[in-house]
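Novice: In case you want the letters, here they are:
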Amino acid sequence: MKRKSGFYLLDRIFLAFIVLFILLLTLFCSFIPFALDQGRYLLVLSFAFTITLVLYFAYRWIYIPCKESNKVLRLFSDGYIFKGVFDLRVHFNHESYLAFKKFQEIIDTKELIEGTKKHAEYLALQNQINPHFLYNTLEGIRSEALIEGVESIANMTEALETFFRYTISDMDKLATLEEEIANVQNYYKIQRFRFGDKINFKIEYPTEHDPEIIQAKIPKLTLQPIVENAVFHGIEPKMGKGLVTLKIQVTPKRLLITVADNGVGMEEEQVHELNDKLRGASLTYIKEDKKTGGIALLNVNNRIKLLFGDEYGIYLYSRVGAGTDVEITLPLLF
Amino acid sequence: MKEEILRVENVIRKINGITYLNNITFQIFKGEIMGLLPLDNHGKSQLIELIIQNVPVHFGRVYFDDQLVNYYEHSSMTRNRVYLIDKETNLIQDLKVADNICVLNHTFSDYIIHEKKLQRVAAGLFQQLGIELDTDQYVSELSLLEKTIVELVRAVLNGAQLIILNELSNFLSIEELAFFQRLLRYYTQKGISFLYIANHHEEAFQICHRVMLFEKGKIIKIIAEKDFSDEILQPYILSFGRHQVTNGQHNQTGVLKCQDLWTENLKGLSFSAKKGECITILDMNNRGIQDIAAIINGFRQPESGRIVVGGKEISLAPGRNLFLDGVAYIPENPVQESLFFDISYLENLTFMLERKLKRSIIPRRVLWGIKEEYRSLVGDEIEAEDLWGLEMRSLYNLVYLRLLFYKPKVVFIMQPFSHADMYLRRRIIELINMVKAKGIAVIILAVSISDTLSITDRLLIMEDGKLVSSGQRLADLPAYVANQPQ
Chain A
3 MKRKSGFYLL
13 DRIFLAFIVL
23 FILLLTLFCS
33 FIPFALDQGR
43 YLLVLSFAFT
53 ITLVLYFAYR
63 WIYIPCKESN
73 KVLRLFSDGY
83 IFKGVFDLRV
93 HFNHESYLAF
103 KKFQEIIDTK
113 ELIEGTKKHA
123 EYLALQNQIN
133 PHFLYNTLEG
143 IRSEALIEGV
153 ESIANMTEAL
163 ETFFRYTISD
173 MDKLATLEEE
183 IANVQNYYKI
193 QRFRFGDKIN
203 FKIEYPTEHD
213 PEIIQAKIPK
223 LTLQPIVENA
233 VFHGIEPKMG
243 KGLVTLKIQV
253 TPKRLLITVA
263 DNGVGMEEEQ
273 VHELNDKLRG
283 ASLTYIKEDK
293 KTGGIALLNV
303 NNRIKLLFGD
313 EYGIYLYSRV
323 GAGTDVEITL
333 PLLF
Chain B
-1 MKEEILRVEN
9 VIRKINGITY
19 LNNITFQIFK
29 GEIMGLLPLD
39 NHGKSQLIEL
49 IIQNVPVHFG
59 RVYFDDQLVN
69 YYEHSSMTRN
79 RVYLIDKETN
89 LIQDLKVADN
99 ICVLNHTFSD
109 YIIHEKKLQR
119 VAAGLFQQLG
129 IELDTDQYVS
139 ELSLLEKTIV
149 ELVRAVLNGA
159 QLIILNELSN
169 FLSIEELAFF
179 QRLLRYYTQK
189 GISFLYIANH
199 HEEAFQICHR
209 VMLFEKGKII
219 KIIAEKDFSD
229 EILQPYILSF
239 GRHQVTNGQH
249 NQTGVLKCQD
259 LWTENLKGLS
269 FSAKKGECIT
279 ILDMNNRGIQ
289 DIAAIINGFR
299 QPESGRIVVG
309 GKEISLAPGR
319 NLFLDGVAYI
329 PENPVQESLF
339 FDISYLENLT
349 FMLERKLKRS
359 IIPRRVLWGI
369 KEEYRSLVGD
379 EIEAEDLWGL
389 EMRSLYNLVY
399 LRLLFYKPKV
409 VFIMQPFSHA
419 DMYLRRRIIE
429 LINMVKAKGI
439 AVIILAVSIS
449 DTLSITDRLL
459 IMEDGKLVSS
469 GQRLADLPAY
479 VANQPQ
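Those protein sequences? They're chains A and B, same order as listed. Residues in the first sequence are numbered consecutively from 3, following this note's numbering. Residues in the second sequence are numbered consecutively from -1, following this note's numbering.
None of these hints come from the bench; they were simulated from the model. All C-beta atoms, glycine included, are put in the ideal place defined by N, C-alpha and C. Among the clues, some could well be false.
[Unchecked claim] Taking lysine-lysine pairs in the BS3-like style, the calculated list, with each CA pair at most 27 Å apart, reads:
(1) A:K219 to A:K243
(2) B:K42 to A:K73
(3) A:K73 to B:K214
[Claimed, not checked] Where chain A lies over chain B, by a calculated footprint (3+ residues, C-beta under 8 Å):
(4) 7 to 21
(5) 52 to 66
(6) 86 to 98
(7) 394 to 408
(8) 416 to 424
Assemble the whole structure, with the sequences as input and the hints as a guide.
Specialist: As structure tokens, this is what we get:
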């Protein structure tokens, strides 16, 4: 490993520039009395004006863009942005521009997306083989079988089958909003067997909506993990009935989906921490203990940001006793 | 399909190391009235500034009319097509209405000003709204409502796509506000959006399509119109409780009597107040209470009438000091208007002490005694050498503690909850209760009921300068008042 030199390259350039400027200024100041003695006022004035002009352009053309680019790199290193680092307004030089371009190819966000998809599959499989999940489901089936007979068992089994089939297949494709909603409704049907009328679900479309909205494309397994979060962290601990509402809003360029629950809500610190994590795309959550809350949110958020860019993703509103709203912002794609 | 006029995404704004906007995300659609309910005032002015102009942000993005206008890498400092309307008007007082609307407008390109043409254009705009306003009038001659309407029309003509309305109920009366809100609904149909900043959710719920709650520089909840209810806000707001109204049977002696006061805006105003009683005068037109304040401050003499304080008739000649007669006045913005920031806390508290004690030099031991007495109430703030480092709550404490110190017989308070966030309003209620407990009569001059029902013993409603109803319970009041924000 090479020994790192003291100053960074840009800092050296600035240092040299400052030294040069001081020398020029000293020269200029010693030149002024001589020129004034000679009566060369115009020369002094034009020289002063030129220096001012050069300084001004150096500030606007060099210092400000440098400061902005440094800020973007700092935001990237702090985890605030990911793809944004490849869209610098002004690169440091042609070589760094080529290097960033190469870097973007090498990183290949597809690999990172694969990482998150694998994690999503992993979570889904975890749910499949999680005994707690299976026992509760089976317990529900058993109760229904005792009371109602074969038809209910068939219904539940069918719902479960549909759910597993959707969840673990074809993670590559974008799904339509219609398919995602159908998956959520299926999931709700399954949970209804367990929770009864404690859990309720409804969908709100915009008042004047185009029926084509439900054909909009979104990443697969975007909605169900969020709804699941709402049920287990919001509704389940709550006394009395709970309601999960899926609200859909559309603009010419965006699809805004809100999963709102009237559950127990979250502490302010927790909301703040989650929103901080959701701001950027990060894969560190994969190493975290699964018991840490918000992993589904982070997974969905990461997939959205890696696929579509930093300006899309998830934002959370919540307060203890006031429920939670999870707002998902996606580009409107057909 | 709704179109966004403004989208603010994950914006963090820090100034001198203090985070004023903390990862905020929201959008406003075209033709929408979006409410903003600040639970505290932290970050509010910084948010307004960000919407109006593309100032530097630490992180995040701002889209205006679907264009990315500001983001973490580059802030152009350009202004968006946003107009702010608040109590401090942007109109030029010495110009006429037509000039303010048409000439002071970036779309105006004529080289020669044809006054009659401008007046025709301006009159046409008001006609569309069904308003009769003389466009040949100077702005300084207009009422607050008229000025606000002129600003609205000017904003629309200027091409503003988003108009920010900052706490209108602080300076418009109930009737005026209802009228102005009708104009807002008219313009939303033309595709203009509004950000309606209100101090009370009832006011916002009356007019807005959605309301967002803002606290500590964060948006903590966005509520859609169909979800508007008191229950949904309960986890977020403080309850001030309802004051136990005494049915007018106050067991104290009378301390103030205003008899038959006549001015341009007061038509024979008469009322009385007892020791420790709190009366709210709700002015439906926002004119009469301005005259009352002017009389109390000695700026104006009534055409006729008298004021009796503690059994003694006081002189109402302009320029006299009612403080010596036991009458105090707290203005609408008391921190800015009645405190001296460059002198110490103790000096602010005791600066009129020589008049009270009728001595020109106050002994040090007296000042020391006062300091120790008030240390138990305000702690080490009593040692502050100036007021610059104190929080708003501490400054309001000082304003009201001065009353407790000087113990006037009666205090007139103009709009006590104006500019105060939810937490500060609760503190102001506590302070006014302390003043009442000392036997000082409190007369609140207000244009909206606001939180006054939490402290008032009697509510007097004034319309066109006359008292029209002196209901002692909310049920006694006319419906249009009872339904107003409380």
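Novice: Going through the numbered hints above, which ones does this structure break? Give me the numbers in ascending order.
Specialist: When the structure is compared with the hints, numbers 1, 6, 7, 8 turn out to be violated.
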